Amino acid sequence: MTPLLEVRNLSKNFGPVQALNDLTMHVAAGEVVALAGDNGAGKTTLIKAISGVYRPSSGSIRLGGEEVSFSSPQEARERGIETIYQDLALADNLSIGANIFLGREPMTKRFGFLPVLDRKKMAQAAKETMALLDFHVNRMEAPVSNFSGGQRQAVAIGRAVYWNARILIMDEPTAALGVPEQRKVISLIHQLKAQGRGVVFISHNLQDIFAVSDRIVVLRRGVMAGERRIADTTHDEVVKLMIGG
Amino acid sequence: MTTEAPGQAGGHISPPADHAEKSRTVVQRIADLRAWLFLAALIIGFEVWSRVSFGGSFIVNPYNITSIAIFAVAPLLLATGQTFVIISGGIDLSMGFIMGLAAVVAAHVINWATPTMGMPMAVLFGGSVAILVAMIPGCVNGLLVSRLNVPPFIGTLGMFGVARGVAFLLANGTTVPVQNSFFSALGNGRILGIPWIIIVTAIFVLVMHYLLSQTRFGQHNYAIGANAQAARRAGIDIRSHLLRLYILSGICAGLAGVLYAARFSAGAAQAGEPLLLDSVAAVVIGGASLFGGSGTILGTVAGAFVIAVIQYGLVFINVEPFWQFISVGVVIIISVLIDQAQRRISGGRQSE
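For the protein sequence lines, the chains are S and E, in the order given. Going by this note's numbering, the first sequence opens with residue -15, and the numbers climb by one from there. Going by this note's numbering, the second sequence opens with residue 338, and the numbers climb by one from there.
Because the hints were derived from the structure by calculation, they are not lab data. Mixed in with the good hints, there may be bad ones.
Stated by the list, open to error - Using 25 angstroms as the maximum straight-line C-alpha spacing, the simulated DMTMM-like pairs for lysine to aspartate or glutamate come out as follows:
id: 1; chain 1: S; residue 1: 224; chain 2: S; residue 2: 155
id: 2; chain 1: S; residue 1: 32; chain 2: E; residue 2: 676
id: 3; chain 1: S; residue 1: 93; chain 2: S; residue 2: 50
id: 4; chain 1: S; residue 1: 105; chain 2: E; residue 2: 574
id: 5; chain 1: S; residue 1: 93; chain 2: S; residue 2: 59
id: 6; chain 1: S; residue 1: 93; chain 2: S; residue 2: 118
id: 7; chain 1: S; residue 1: 111; chain 2: S; residue 2: 62
id: 8; chain 1: S; residue 1: 32; chain 2: S; residue 2: 62
id: 9; chain 1: S; residue 1: 104; chain 2: E; residue 2: 384
Unchecked claim - Non-contacting residues of chain S with respect to chain E, defined by C-beta distances greater than 12 angstroms in every case (computed):
id: 10; residue: 69
id: 11; residue: 83
id: 12; residue: 126
id: 13; residue: 143
id: 14; residue: 207
id: 15; residue: 218
Bear in mind the structure is a predicted one, so any value in this text is a computation, not a measurement. Think of the CB as a built atom: it goes at the ideal place given N, C-alpha and C, for glycine as much as any other residue.
The whole structure should be built from the sequences, with the hints applied where relevant.
Structure follows, in structure tokens:
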């Protein structure tokens, strides 16, 4: 079976600095792959290359077997790669629906000629999408600042789900959250997996990684230090891979 | 927090259900409507005073209503543009002198065109040219803020000086009278008892309300004010948005300038000088936050009327005019205090 996402011999250098060196990995549908590694190991460079922020210096990225090259995050998004940032890319003063549709707002006509924002559609889509994530909201018009950190993370994920992301990239999705909220995000990731999407997530938290991922890819100084199935590895082994030795 | 199943890996935990607190929404409603409440309180206050001391009505008096509305026209037009800019997280300090510049340009062009074009066409032509000219400083503001990352406060402060200088140079340091009776008829004429300039302003403000509340442009404006990075990541072209935004602000000031010239049959460079801070005050009283991300045109309308009612009402009840400054100042402070109290009560995260 062709994997959803395949990264082949990817390298990226910034001037003389080799941030990523000849990295090969893949993500299958319904699979959660964790990226681990110490600071500066190249995790962020890798996801930025996949999400279209950086152009790789060499190597290729394949989506469903087809080679792709993104010149902007927008292009990656159009191909179904959605990135969820650590610092929550939400506009706090807007409703869930408005956030889901931010930048792609649906319009309708009032009185048959006046184009207006289709708030009904936005609210309806938001409600359905959030229900898909088992997150039930009554106040569809309330700004997202009224919701908790985990709920807001769910909104960010909901946006990706609504736009039919096949691959979700999450950079430290649990970092800014309290423990109960972290568990909710982990459970959201389980749902994405059950829906057959591919998930790549960066985390420093081994507990999270072991709770949710199928495989773990450990990077060290821009190279692959090891790749393990979660079922076949232990915390100790992963830590050893991360720090070397 | 809701009760949770033990956090077994793989066991699904549903996010907490949504608890809408009724009291919270009531407080928010009141805070959203505070400008209208202020306005109602002021009108009742002046009404009582007027009945007690003169035995006449303050508000049930078409003359007073029209005068207040005419009073509010220029500050309101500046304030509508300012509302957009403040919601985006910026401020436009140059609006006052852009208005003056537009008034002077309108006066000159109408005078120049009247002999060749005839009166009505000259007015149309002069008004259009003035608004087009007002778009130039707006465009420069927009380029400074969007391309060169100049903070709006500084960029528009620079433009404040430039527009002021150009306006006074064009006016030769004096007031430019307009020789066009059609223009002054428009500026002071009425239809069905309602002055033309009020009708023009009302239509313009309605269009702006539509633009802010019902279009993508307005929606993106709110998003940029709350979280510019999120807006950029969502694919919104912030640069072109900001450019259009400051041009829009220039258009508002330009229209205010043209209506000023029509009303007084003259263009004056200093026409908008005292109005700039009134426009910011109207926006703030109307419920916008200077940090960006909140505010409405309807709130700004109420804010502009609060100021106009205070100014006109105090004259009406024969109080020394200096009390205007004090009362407007107090209203601004109370308005901001209500805003902060509401934020504290509603527990909304403030954007960092």
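These are the hints, each one checked on the structure:
no.	hint	in the structure
1	S:224 x S:155	22 angstroms, holds
2	S:32 x E:676	40 angstroms, violated
3	S:93 x S:50	39 angstroms, violated
4	S:105 x E:574	23 angstroms, holds
5	S:93 x S:59	29 angstroms, violated
6	S:93 x S:118	32 angstroms, violated
7	S:111 x S:62	23 angstroms, holds
8	S:32 x S:62	16 angstroms, holds
9	S:104 x E:384	42 angstroms, violated
10	69	7 angstroms, violated
11	83	8 angstroms, violated
12	126	8 angstroms, violated
13	143	9 angstroms, violated
14	207	29 angstroms, holds
15	218	15 angstroms, holds
When the structure is compared with the earlier hints, violations turn up for hints 2, 3, 5, 6, 9, 10, 11, 12 and 13 and for no others.
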